[in-house]
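Protein chains: 2
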Amino acid sequence: MFRHTVMFRWADDVDEETKSAISAGLDKLAELPSVAAYAHGPDAGVSEGNWDYVVVGDFASVDDYKAYATDTGHLELIAELIKPAISARAAVQYHL
Amino acid sequence: MFRHTVMFRWADDVDEETKSAISAGLDKLAELPSVAAYAHGPDAGVSEGNWDYVVVGDFASVDDYKAYATDTGHLELIAELIKPAISARAAVQYHL
Numbered sequence: 002m003f004r005h006t007v008m009f010r011w012a013d014d015v016d017e018e019t020k021s022a023i024s025a026g027l028d029k030l031a032e033l034p035s036v037a038a039y040a041h042g043p044d045a046g047v048s049e050g051n052w053d054y055v056v057v058g059d060f061a062s063v064d065d066y067k068a069y070a071t072d073t074g075h076l077e078l079i080a081e082l083i084k085p086a087i088s089a090r091a092a093v094q095y096h097l
Numbered sequence: 002m003f004r005h006t007v008m009f010r011w012a013d014d015v016d017e018e019t020k021s022a023i024s025a026g027l028d029k030l031a032e033l034p035s036v037a038a039y040a041h042g043p044d045a046g047v048s049e050g051n052w053d054y055v056v057v058g059d060f061a062s063v064d065d066y067k068a069y070a071t072d073t074g075h076l077e078l079i080a081e082l083i084k085p086a087i088s089a090r091a092a093v094q095y096h097l
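Quick mapping for you: the protein sequence lines, in order, are chains A and B.
Counting from 1 along the first sequence, just add 1 to a position and that's the residue number in my numbering.
Counting from 1 along the second sequence, just add 1 to a position and that's the residue number in my numbering.
A portion of the hints provided could be inaccurate.
[What the hints assert, rightly or not] Partial pick of chain A residues on the chain B-facing surface, computed with a CB cut under 10 Å:
hint: 1; residue: Pro34
hint: 2; residue: Ser35
hint: 3; residue: Asp44
hint: 4; residue: Tyr54
hint: 5; residue: Tyr95
In case anyone wonders, no lab produced these hints; they're calculated from the structure.
Note that the coordinates shown come from a computational prediction; the quantities given were computed from them, not determined experimentally.
The beta-carbon is built from N, C-alpha and C at its ideal position, and this holds for glycine as well.
Take the sequences, apply the hints, and build the full model.
Structure representation (structure tokens):
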């Protein structure tokens, strides 16, 4: 299994409507046939200094991950909603 | 289920021996009774600009996560090995 993890920090001026639209867009990505498991959400507020949002996706192979990463709807979500809404992004992919 | 995700960037001068010791220390944390699932590892090198290492741990409850977070062996691993070895840390906890 191959896992993709990505965290965001929201930009200061992002409204709740935009955050909800991003969350809905990620729900749609979870339905892609290349995705084996997918769970995303806002930080729970349990710890100080955390980032704001995380996505963890599991894929049967690196190729399945690449199909997800280059999916047109995914790229549109990034360009139109996510990129303008974040101040920082951190990602790691790893083999489980 | 409650999930803890954390990413690291290694400091420039970290050797492979230290990285292996951290990985072994994390393997030991995975055996804590409060941990339901635990998978960590180095970035696979598939994408540009990624961070270096990620840990994803699942817990039955926030309290189980807190037991893990405050475990003495965990705090020692952070203080003695992880903190001196990293230049950046990003974490998110979220409800699955």
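Violated hints, by number in ascending order, as checked against the structure
1, 2
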